[in-house]
Each structure stands twice: as structure tokens, then as C-alpha cells.
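Chains as they are written, first to last, in the working numbering: chain A, 1 to 415; chain B, 1 to 758.
Since the hints were made in silico from the structure, they are not lab data.
Nothing here was measured: the structure is a model prediction, and the numbers come from that model.
Accuracy of the hints is not assured; some may be wrong.
[Said to hold, decoys possible] Label pairs and their in silico Cβ distance ranges:
1. A:396 / B:151: 28 to 38 Å
2. A:154 / B:473: 34 to 44 Å
3. B:151 / A:42: 37 to 47 Å
[To be verified] Subject to a maximum C-alpha distance of 20 Å in a straight line, what follows is the list of computed SDA-like cross-link-like pairs (lysine to any residue):
4. B:177 / A:109
5. A:6 / B:183
6. A:184 / B:183
7. A:40 / A:26
8. A:56 / A:6
9. A:164 / A:180
10. B:721 / B:419
11. A:11 / B:721
Heads up, the beta-carbon is just placed ideally off N, CA and C, and yes, glycines get one too.
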Amino acid sequence: MSYENKMMQLKQMLGKKQEKSVEKPAFKKPEKPWYLEEWKKEGLLVVENDFGILFKRQVEYPLDYLHGSYQLKMFFEAIDKWQTSTIEHPFSIHPDETVVFFDTETTGLKGVGTNIFLLGFLEVSENKFLLTQYVLADPSNEAAFLFESKLWQHNKTIVTYNGKSFDWPQLETRWTLNQHILPKLRNMRQIDLLHSSKRIWKNNLERMKLTQVEEAKLGFKRNGDIPGFLAPIIYTDAVKSGNASSLMKVLTHNEWDLLSLITLYIHSTNLLLENHIETATTYTNIGKWYGDLKQNEQSQNVLRSVTNTFNESEAGLAHFYLALQQKRNKEYEDATQSFHKALRSIENREKLKALENLAIIYEHHYKDYEKALENTLNGIELINHQPFLKIEQRTRKLDEWTKRLNRLENKLWGK
Amino acid sequence: MLNKKRTIDELLNEWMYDEELKQNILHWQTLEGQEAKFSSFPDKLHPSIKKALETRGISQLYTHQREAFDYASSNLSFTAVTPTASGKSLCYHLPVLQKILEDPSSRAIYLFPTKALAQDQKADLNDLIELMGEEVLSYTYDGDTAPGIRQKIRKAGHIIMTNPDMLHSGILPHHTKWVSLFENLKYIVIDELHTYKGVFGSHVAQVLRRLKRICAFYGSDPIFICTSATIKNPKELAEKLTNTKHELIANSGAPVGKKTFLFYNPPIVHPTFGVRRSSVLEVRDLATRLYEAGIQSIVFAKSRVRVEMLVTYLKSLTKNKIQDESIRGYRGGYLPTERRAIEKGLRNGNIQIVVSTNALELGVDIGQLQACIMTGYPGNIASAWQQAGRAGRRQDSALIIYVANSTALDQYVVNNPNYLLGSSPEEALINPENILILMDHLKCAVFELPFATTDSYGEFEVQQLLEFLEEEGVVIKTSGQWYWMSERFPAHEISLRSASQENVVIIDRTIPAGTKVIGEMDTYSAMTLLHEEAIYLHQGTQFQVEKLDWEEKKAFVREVDVDYFTDANLAVELKVLNEDKRADYETASVSYGDISLLAIPTIFKKIRFQTHENIGSGKIHIPPLEMHTNATWMSFDMPENWSEEMLTDSLTGAAYAIGSFIPLFIQCDRNDLSVVPQVKAVHNDRPTLFIYDSYPGGIGLSERVYDILLPILEQTIAHVKQCPCSSGCPSCIGAQDSLNESKGKVLKVLSILLREMM
């Protein structure tokens, strides 16, 4: 039947509403899905609460469980390291905090029509790590599913991978839809390891997908993993067919994600707190991050260890960031030296900034107009001969630099 | 003497004795002005608002503004019909601001048909708020809104100014991020109501039903405030669009100055074929006269190309002056800063003549000008009055010159000034029941909130439609509720500006490394406009279609400069699927119902500009397209002693003539409806004229035609009879290849139908 013919049929189905007012009934417990037994057979537990049905799966891990290169218990060492260091950092965790690693699976990418169907939590429980996965029984049982997560009950520190812009807002959406029955979702502290990974491995890892970080940095390679983009179809199919065998693979996928979050946290902490140098690039990134956090001392320590360990071509960017800090601290001699060292190997964009800073230092601090002029001319040449700026930027920059040039020429040779 | 500054009245006095000019002016009519009608400020009007108005020099309201305030105060939705420059924005600003000052948690949505209009209105509103000295936050929310402030807007914005497209795909599917808006929504303002017609209006009707559904979920029940230009059925349109009962404010209290209308017909240069001098050249000459008299004027032209042509012509007036900006063009596609500069130039008088497309019909604030020239009839009375409304400063006389093109409608209007000046404007129609559009939005609605098996949607019972969606695999039913269950994001698959399922994307590959998308077109139009080798005009630039990938719906074009355009033929087969209404006469019958249409593109011709000679042709390789839509059709018996060939010619002519006149009755574009003759219709073997909606599923136009067929036929016959040509011309029954008796035969066919129906 053609689409048009179908539409013809539909047109016959379209009825006009008879005016009647239907009172919205109070909350009514949804029906139990017909596939309880089928899903149970795959290893899921059936949970029932005031709001309906959900499924649950729990796995325990001993403390010395090895996931990739790390044992899970090294997480405690990581917390100790933050505790003994004096550094303030958005990723440091205090021993008093209750930490939970958190990841969801959803039926789509955005919007109110996207359901969360799996809430995965991994947390410390007495002398072990405990994985708890809640599975949405069907959309009508959503309140039961959300309620069981206890996210309304206790304050915890939530560690995620891209949770700040995806999982948590999505969770808030689901909660808002059920706001008339559920207690309020708590505001919790969020640590997003995608954010730290981007800071640490910029220019080092090409993509920041968790599976790629695992392979490159955490010594873990997945075997038989289902790609995340299949999750929505698999869940929909499980609900329609009652067969949850593929769904269990999504649960495994989620489990691996959560285990890797722990080891990623351990690994990142080591990079941030120990003079354990991975590559010049990552370590320079870390130094810059501390700088941006105004942890100047720590930043300079890290950057210096890069400049001490690596040759000038590898440490160029470290010299550059160091120079910016030295200039900010009015250590003009050090700054000048560092900028000069940086110039030999950094990219054009930073190079232009270095030249600009040198021109400023020479002009305003040393009153050495000839040197200032020399750097200015180099800067202008860089703008003119290297096509790294967009047209508008280029015009604007040239404008600024030409002003500087004119001013310097006036200072040197008068009007 | 030539360059002396004159008033409108002085200029008209001169023109009275200008014999050359006068012979082209068919009618000359002056409408006397009207005094302003005032009401006092409402007692409860908040002192801050009063203060702001007084600072602006307003010490009382026009009657319609007061009426608006009173309706809103009594919680009644209403529609205000407001001519240009009547202070319509106060009709909604006052109640909205009053409510926010009474209860700062209150929220309002302002809906403008385009992004640009929302941004224009923002400045005006912010100015008012500043004068009030109160903290009322108003923001535009559209594709241009910076991500950084979106969160603040969602949480704290009192007034959200947006457009239907953004509401449809950027706000409603994410309603949980707008809780404070939807929980406290008191007013939904729909400005420029009359623009919500046809396909676009039918889509927006659905968007508003979704909006109301979400409001109900959050417990709010907002009032609708609509403002509209003059159309025949503002109340009906508003009620259909919003599915809410409306009060009507029909009379404006704003003052109207004296207006003089001139109906100007370019002289005939080729009497046999009825060819007239180009209206563009006439407008150039008339605008030159106005310019030399120092009269600030606006010239409307129908297309962007014509705007550019006229600007080029007129700029020769100022070519000896350095950096003269007194003549400017204005159309869509200009940058916002450029448009702001032009608007300012018009207000402060630096710009003396502006040439514009209908972009300036809508509520852009350019102050009032002295004269207005319309190059061709804008297509409907409502637009004509909007354009005319641009001329007329409070006390001064205004001059409006309508210059006719040679099309049938234009010629009719210039010969029948009472049509424009005396009759009520057309109806604006929408069809919220268009099943294709409705189904699309039903998907969005389930996405946004589940449906209970007892729920309806707007005025519709949709349970069976939801079952259909379940079969399609995008919703599931559990525990008596329908839920969206698909990874798709339905709003992204629907464009509000077209009813067809898929659009053809137009890709410019003039610069191989810099290919870019320059537009989209619905598949049906694409068959005749984007076939390979077609010349496609975009913003006045010619492109040739190099390759059409029909499977992928992509047309690759390259910029060219040629002296011809292309015209494609479409063979149409029509099948009646269902007859809903039928009237039988002695030998004729008229029906309305569902039809299926098979469009088969055949050949295209290359036609040279100016001379219109045929300089080549080719075959079109596009598979036939099937469409289901609504139609009204008339069948009758073949007149005795007629050959089939005679019948074909006369039916074609009759179809042309009827098609040209439908826009006289219904506010729609010439292309929204098609009139197609069939010498032997498939379903009854009789000569039949089909009038169908050009959009899948129909948008309610042909159904209306069924009701008003009689007056349409009467008008058509009268016009064809009156047309001064001898045997048919583009102004009546279409261009004729040879001098035969077509015109008489067309009249005969039309008269048979009319006689039967009387």
C-alpha cells in the first residue's frame, strides 16, 4: 500500500473530540510488564516499589580486582594522594565524601522523548566495590526506576564521563517529568572525567572516546563490546520482544565504562600529583591547567620539570606557558629568556603571542625600543607570511601591530 | 522648477493638468482621513507603565488599545485587527507588562513569523521597559542566541520572543528545561496573525496545540493575544490556529490621514496581443517625479530581482552626488546591521526613496512615509492595504500609486478600483486537519509527553492514529499509555514551511572547494524547477542545475549568466478517490473530495528574455510523483459539434482564467492552487476542470472554492468579456499561439457552467 493510500485510511480514522472533561486521576501504579520471567532468566532481579516495577543487577568486585593496568583499590591511594598534597584542584576528592561512579544508557541523544533505560552505579561498599545497575522495565514504570536510584536521598559525589552535559541534564529531564510524584533530585557535586581527559591529553589523543582512552592509557581492551550507538535499538527490541539477551550486553558495556572510570581517575590523579611524566605534551597540558587554576607554584614546578627533562623542541610550549607566568609575576628577565627559548619550536599562534609579549617587555620594561622594534617586525612578518589567521582576525591583528610599529618608530626617531 | 520641493497636495494639483500622465491614470480617488479615537488609561494600569507612556508623550490610549487591555484583564483571548502604524504593539505590551508587574513570576511568549521581526521588536520593548524603570527581562530566543545565556533565558526570562520554527524544534521538545516558563505562562502573543495561512499556518496550528498540551501538563492555561492586518476572517483564523475562542477588536482608534489612490495602467504598445509597457519602467518614471518633488517614498516590487533593477535605475538620479545614500533597496538577505541602518535612515529622513520587497510589509518600524508605489498587485487586498499603510504621516496627505502589470489579476484590479477600495479583503485559510501535517506533529507530541488511552490531542481523537504509529514502530503502549520509543528526534524531520515529506536541497558548487547549500524546495515544485539544465533563480543570481540526484534529493547547481529562462511541462493524471460533497445540475456537476494526482514531468523549453522566443528544449528525466490532495471539480457535457481539439483549447483557457481569479477570493499564492483541465476525466469520461490544493493532504483551499465557485465564475466571465484584447491575451485566458476564436469558446465553456449553477 502506498504511503498516500495509508494516509487516506488514516484520514478516516481521525475523529473530532466530543466535549467532555476527564479528571486527571491520581497516581496509579502501572501494570507489570509481561516479560518479567523472560528478563529474570537472563540474570536480572525484579524489584517492586510503590511506583511499580524495575529490574536490577548487582556485581561485587574484590579490592584487588585488576581492570587494565590498575587494581581498583588504588582508588584509595589516589584519595590519599590528594589528601597529602596541598593542592586545590577541582578533581581532588576528600576521604569524607561518598563517591559514586555513574553512567547511563539512553534511547536517544536529546529531548524529552529520550528515555534513560539504564542507571549504572559503582561504589565502595565495605571491603569491596559494588556495581548496581537499574534497568527501566518499560516507560510507564519510570518513576519506580528513578525512585530506586535513591538519587533524591543522599548527597554523593558523582563521577562521570561527559555527565555534566549529557547524563545529568538527561536525568534532570526525566525527574522533571515525574516531579509530581517523586521527591526532588538532589544537587550533587559532579566530577566529569571527560573534562580532565580533554585537559590532560589535548594534542596527544586524537579522540576522547572512553574506549580509546582505555586502550591508549589504561591498558584495557574490550572484547565483544557492543558499540554504544546500538543501545537504543537493543533496548526497544527487548521491550517489544520480551527477549533481553542482547540487553545484557549493553549492561556489560555499561559495567566496563564504570570500571574504567575508576582506573581513569587513578591514572589521572597519578599524572596530576606525581612527577610521573607521560609525554612532554601531556605534562605541559597539566602545567597549563594548574596555571589556569591559578595554582602558580604547582604550575611552574610541572612546567620546569618538562623544560628540564626534554629538549627545547619538545619543551617549547612549556617554555611559553612558563614565560607567561613569569611575566605575570614581573620576573622579566626569566620571562624574556623563556619566550626566546619557546620561539624556536612553538606554533604560529603562540609564536605571535610570544613576539607580542617580548615587544611589550622590551618597550615598556627595558625601554629597549630597538629590540622591541625587531620583535614587532617579526610579528608583522609572521602575520603577513603565514596563513594561520582568518581574514578578519588578520586585519584586526595587523591593525594593532601597525600601531605598535608606528609608536616605536616615533619613540626611536621622533616625529 | 523641476527640483522644487512640493507637498503631496501641490504635486497632485500639477498632475491634474499633466495630460501625458493622466491618460494612464484610470482612476483617481481620495479617501478622507479619520480623527483619532481615544480612551483614558485604565485605572489599574501600573504607575510605572503610566510613567513610561507619559515619557513617550502618550497620555491616553487609542480605543483599540484600551479594549485590548480590558479583554486581557478579564482573561479573554482576543484578536486585534490593526492597520499599519496604529500602535498595535501596545495591545499586547500593556497587558503583559501589567501582569508581570503584578506578579513577577508571570511569563509570556511572543511569537513572530520570522527571526528578524522578533529582533526588531526587541528594541522597542526594551526601550519601553527601560522607561518603566522596572526589572522585566525580555529576550529573543532563536538560532542566534548565544549558548552562554540560554540557561538564564530559560529560567529567568519574563518575555521570550521567538518564532514558530524555534518553538517547534528548539523549545517544545526540551520543555523540561523551561519549567518556570511553562508553569507560569500567562500570555502567548501572536503578532502578524495574517501570515499564518496555508501550509505554514496549518503547521503552526499544530505547534500551538502541542504548546497548549505542554502548558496543561505544567498546570498553566495561557491567554492568546493576536494582532492581524486586515483580512476577512481574523477571528476565525485565530480560533482555528489556536483552538481557543477569541474576542475580536475590529475597529482601530488610530488616526488616519487623507489618502489619494491613483490606479495607473501602463500604455498598450502592441494592441493585438495586448502587450503593455513594462510596469518597472513606468514605476521608474513615477518614482523619479516623486524624488524630484522631494517626497519621501517607498516603492514595492514583487521580487528581489525587480528591487535590484529599480534601485539601479533610480540611483542614476544621484550619480552626480558623492556618497549619496538617499535611494536604497531593502529586502530579505541583507545583513541585520545594514537593515537597521536603512530603517534609521528612513526614520530620520536621510533616505528619500526605498525600494523594497514585501519584507517591509510586516511590522518593521520605519516611521511613516509620504508616498507609496506598488509595482504590480501584491496578490491580495490585505497586502495591498499593508503596503498602502506605509504612506501617510498623521496629519499629512498620503499618495498611493498602484501600477498594474499585464497579468489577469493586475488588469482586473486596475479596471475595478472598487475591488481594492470597496470590498472586504480575502480570507486566510488553514487546515489543522491536514492528515500529513497532523501525523507529523502527533509524533512530536508523543515525543514531548506520553498520551493516555483516554487523551485527545487538541480537538482531535487520535487513539487510532497512535495505533498506526505503533505499527510504524515509533511508539509503544504500556499500562494504558502511549510512549515514544525511538532514537529519532521527530521535530528535526519536519519543516514548518512545507507540507511535503522531503525537500530537495540545492547545492551550489560554483567553487568546487567551497560547495554550499543555498536553499531547499519541495519535491513537487522541484520537478519543474530543478530538473537538469533548468535555470534556477536565487536572489537574482542565475544558476543552472548541473545534476539532480533524485534518490538523495540533491540538486547541484552552478552560477551562470545566460539570457534565457526555462519553463517545464508537467503532464498530470487525476484520479478521484473519494467524493465528499456533490451538487448535480442539469448537464453539469460540481464535487469536492480526495484525489490522487500523478505528475509526470515531460519536457522543458528554453525561452529568451524579452522576446520570449523558444530557443531549445529537452526531456526531463524524473520519475512521476504521486500525491494525494483535496480538489473541487466541475464536469459538464461536451457542447454539440465541438471537436476534442476545440475542447482542449477552450478548457485550457478557462483553467487559466479561473486560476488567475481565485486569489481574489482566498488569500493564497497563485501556486497554492492548481487548475487542471481534463478533456475526459478518468472517473466519469466527461470534460472536467479540477481545482486542487498543490500540497499533499490539502490545506483547505479547494474546499473553500467549492463554496464560492459561483462568484468565481461570474468574476472570471466578466473579466474575460471586458478584456480589450481581440482573441485572448495573458491578461485573460493566457497567451494564444494563433488568432482563432479561443476567447469566444472559453466564454462559452464558462457560461455553460455558470448557467447550470445559477
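Hints, verified against the model:
1. A:396 / B:151: 28 to 38 Å: Holds, at about 30 Å.
2. A:154 / B:473: 34 to 44 Å: The hinted range 34 to 44 Å holds for residue 154 (chain A) and residue 473 (chain B), with Cβ atoms some 39 Å apart.
3. B:151 / A:42: 37 to 47 Å: Holds, at about 41 Å.
4. B:177 / A:109: holds, 15 Å
5. A:6 / B:183: Violated, at roughly 38 Å.
6. A:184 / B:183: holds, 17 Å
7. A:40 / A:26: violated, 31 Å
8. A:56 / A:6: violated, 42 Å
9. A:164 / A:180: violated, 25 Å
10. B:721 / B:419: holds, 17 Å
11. A:11 / B:721: violated, 42 Å
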